[in-house]
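Make the full structure from the sequences, and use the hints.
Protein chains: 2
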Amino acid sequence: MSKRVGARTVALPSRPGILSWASIVGRKEYEGPYGERFDQILPDELNGESSFESAERKMLETAVTLCARKAGRETADVQMLLAGDLLNQIVSAGYAARNLQIPFYGLYGACSTMTESLSLGAMLADGGYADRLIAATCSHFCTAERQYRAPLELGNQRTPTAQWTVTGSGAVMVVSGPAAQRTRVRVTHTTCGRVIDLGIADANNMGAAMAPAACDTICAHLADTGRSFDDFDLVATGDLGRLGRDLLIELLTQHGIAVKEQKLFDCGCEIFSPRQDVHAGGSGCGCAASMLCGYLLPELYAGHIRRILFMATGALLSPTTTMQGESIPGVAHAVVLEHEEGER
Amino acid sequence: MSKRVGARTVALPSRPGILSWASIVGRKEYEGPYGERFDQILPDELNGESSFESAERKMLETAVTLCARKAGRETADVQMLLAGDLLNQIVSAGYAARNLQIPFYGLYGACSTMTESLSLGAMLADGGYADRLIAATCSHFCTAERQYRAPLELGNQRTPTAQWTVTGSGAVMVVSGPAAQRTRVRVTHTTCGRVIDLGIADANNMGAAMAPAACDTICAHLADTGRSFDDFDLVATGDLGRLGRDLLIELLTQHGIAVKEQKLFDCGCEIFSPRQDVHAGGSGCGCAASMLCGYLLPELYAGHIRRILFMATGALLSPTTTMQGESIPGVAHAVVLEHEEGER
Chain A
43 MSKRVGARTV
53 ALPSRPGILS
63 WASIVGRKEY
73 EGPYGERFDQ
83 ILPDELNGES
93 SFESAERKML
103 ETAVTLCARK
113 AGRETADVQM
123 LLAGDLLNQI
133 VSAGYAARNL
143 QIPFYGLYGA
153 CSTMTESLSL
163 GAMLADGGYA
173 DRLIAATCSH
183 FCTAERQYRA
193 PLELGNQRTP
203 TAQWTVTGSG
213 AVMVVSGPAA
223 QRTRVRVTHT
233 TCGRVIDLGI
243 ADANNMGAAM
253 APAACDTICA
263 HLADTGRSFD
273 DFDLVATGDL
283 GRLGRDLLIE
293 LLTQHGIAVK
303 EQKLFDCGCE
313 IFSPRQDVHA
323 GGSGCGCAAS
333 MLCGYLLPEL
343 YAGHIRRILF
353 MATGALLSPT
363 TTMQGESIPG
373 VAHAVVLEHE
383 EGER
Chain B
43 MSKRVGARTV
53 ALPSRPGILS
63 WASIVGRKEY
73 EGPYGERFDQ
83 ILPDELNGES
93 SFESAERKML
103 ETAVTLCARK
113 AGRETADVQM
123 LLAGDLLNQI
133 VSAGYAARNL
143 QIPFYGLYGA
153 CSTMTESLSL
163 GAMLADGGYA
173 DRLIAATCSH
183 FCTAERQYRA
193 PLELGNQRTP
203 TAQWTVTGSG
213 AVMVVSGPAA
223 QRTRVRVTHT
233 TCGRVIDLGI
243 ADANNMGAAM
253 APAACDTICA
263 HLADTGRSFD
273 DFDLVATGDL
283 GRLGRDLLIE
293 LLTQHGIAVK
303 EQKLFDCGCE
313 IFSPRQDVHA
323 GGSGCGCAAS
333 MLCGYLLPEL
343 YAGHIRRILF
353 MATGALLSPT
363 TTMQGESIPG
373 VAHAVVLEHE
383 EGER
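Chains as they are written, first to last, in our numbering: chain A, 43 to 386; chain B, 43 to 386.
It is possible that part of the hints are untrue.
Where chains are identical, the list cannot tell them apart; a pair therefore holds if satisfied intra-copy or between any two copies.
No farther apart than 20 Å at their CA atoms in a straight line, the calculated lysine to aspartate or glutamate pairs in the DMTMM-like style are these [said to hold, decoys possible]:
1) K302 to D273
2) K305 to E341
3) K45 to D119
4) K45 to D266
5) K302 to E292
6) K45 to D173
7) K302 to D288
I should point out that these hints are in silico values taken from the structure, not numbers from a laboratory.
Shown next as structure tokens:
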């Protein structure tokens with residue numbers, strides 16, 4: 043029985059539940075406007091480890107473990123881990139999966155990973171392929187900067203369009219069947235992103251690289267479901283930043299979408315305050331993930347917001363192909379999250 | 043309704059069909075024992091492009107397009123592309139998805155990608171989340187060597203345990219509903235791998251890094267389903283190579299599995315002949331993918347083999363973390379493929 047709605051959207055008849063969630067961030071993120079919302083703060087950038095890569099892996103591992111615990115579970119009870127990160131060979135997710143010993147499907151969607159993992163996880167839970175699974179991701183400023191741009195030790199000046207990679211992680215437990223009644227946050231739809239490329243080639247302008255993909259996925263979702271901005275309390279994007287958010291509004295308007303700007307909540311614009319000197323805003327897989335788990339899910343659970351279109355946005359930046367003259371395409375996957383009164 | 047069988051296996055009640063498949067390989071693979079089986083041969087290592095990375099991307103794009111065409115479809119009819127490759131940021135898959143404009147979930151499972159994409163694809167098709175999707179992967183000797191080991195120009199001598207990364211790609215179309223009756227190859231089960239690490243740290247001994255994960259997944263699958271080697275015509279592994287295959291037999295025997303060695307078909311041992319000077323055998327995502335599409339699926343379709351446990355195996359090798367003193371874990375995902383008489 044096809045669950046497809048329109049060209050790219052899937053409706054989930056069982057409305058899988060998000061039973062628990064956990065967020066961890068670094069000190070700079072803690073000092074931002076949402077600092078008190080996150081579950082844990084890293085003691086420092088090394089997180090008790092000897093390398094930034096290992097610090098990032100441990101952060102993800104802690105988020106997954108905490109997420110399981112908040113659902114009253116051990117990690118051994120989790121049937122599947124869907125996760126990825128920004129690092130080459132997704133080493134943070136891979137080594138975390140090794141240490142946690144949860145069966146693992148590794149994903150790469152750059153900064154779109156939180157909704158890639160959540161989309162796939164929600165479909166797998168809805169179909170009965172997993173009773174409980176965790177979708178997760180993470181990023182770390184110090185690992186991302188040296189892999190994608192330049193070693194921190196160089197002290198390069200940042201351009202005005204640059205975004206600050208969030209040091210943070212988020213993990214959500216998706217459950218199906220009767221367990222979904224135990225929560226008040228349900229996943230009702232997924233929309234799969236296409237890779238869209240309008241020719242941006244500047245590694246310090248990720249917002250512009252991602253905005254066209256964000257526009258494409260929002261347009262597809264609204265066309266597939268017949269909905270508009272009026273049907274959502276928020277349309278939350280991952281990490282477009284100030285420049286990318288402005289571009290998205292422009293692109294959506296060009297596509298004939300009646301944008302309600304006050305509903306367009308970009309995690310990258312929100313996570314830091316302008317006084318924190320992050321230029322265009324936050325970015326990284328951990329940006330959408332920590333804001334989802336620190337702010338959006340608790341608000342949905344409480345019923346302060348009732349329905350959101352949540353869409354992490356990724357720039358498929360490769361230093362190798364950029365040097366070969368390629369541009370940087372983007373991708374964005376969307377899920378609809380709803381408040382629903384449950385048993386508790 | 044849970045479709046889970048035992049701890050890690052999923053049974054697919056609708057038995058999604060594999061409607062079409064396509065394989066492309068390089069000249070060296072063409073000169074191996076299965077050369078005549080593949081659909082297309084690259085003209086040379088650059089495949090008409092200006093970089094090896096671009097050559098690899100174009101190969102994957104061609105495999106996906108050819109796979110759609112063999113099913114009587116345009117790529118625009120394909121609802122989802124599940125793909126990944128060995129390169130940082132999975133650039134081959136990402137740029138192929140951009141050019142093909144198929145909605146895309148990017149995966150990273152190193153050389154396990156063919157069964158990761160096929161597992162996720164089969165579950166999504168079974169559940170009605172996609173009517174037709176393509177699962178695909180690729181690898182290229184020239185891109186993998188320079189990213190993971192050393193530039194080819196160095197002319198490094200290869201160790202006896204080294205494997206030769208296959209230049210090749212494979213793509214399969216997974217369909218659900220009535221369309222599945224149009225083929226004779228069905229996917230009946232998936233088993234999700236765990237990340238297993240027995241401490242191998244040598245980038246030239248991938249077989250040893252992957253064998254423990256292969257053993258873990260086979261043991262889980264047999265325990266979950268109550269089956270043994272007797273229930274399969276072949277237990278096909280991705281790219282363990284000669285050393286890894288021997289280790290797998292030893293590990294399975296230690297775990298009390300009655301191994302039928304003649305049924306243990308390793309794509310890495312098969313794709314090249316010993317005269318081709320590849321040392322321990324073939325490797326790379328393209329190894330399992332091209333052998334699946336060039337040899338195993340046609341044999342299943344013809345009924346020459348009736349049921350196989352197919353499991354691509356990945357070594358989660360990262361040059362960065364290896365230099366930081368980390369070891370190389372492995373992961374292996376399995377699917378059961380069966381011949382079934384269809385309408386045609």
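Here is how each hint holds up against the structure:
no. : hint         : in the structure
1   : K302 to D273 : within (11 Å within a copy, 59 Å between copies)
2   : K305 to E341 : within (15 Å within a copy, 55 Å between copies)
3   : K45 to D119  : between (28 Å within a copy, 17 Å between copies)
4   : K45 to D266  : within (12 Å within a copy, 29 Å between copies)
5   : K302 to E292 : within (12 Å within a copy, 63 Å between copies)
6   : K45 to D173  : both (19 Å within a copy, 9 Å between copies)
7   : K302 to D288 : within (13 Å within a copy, 62 Å between copies)
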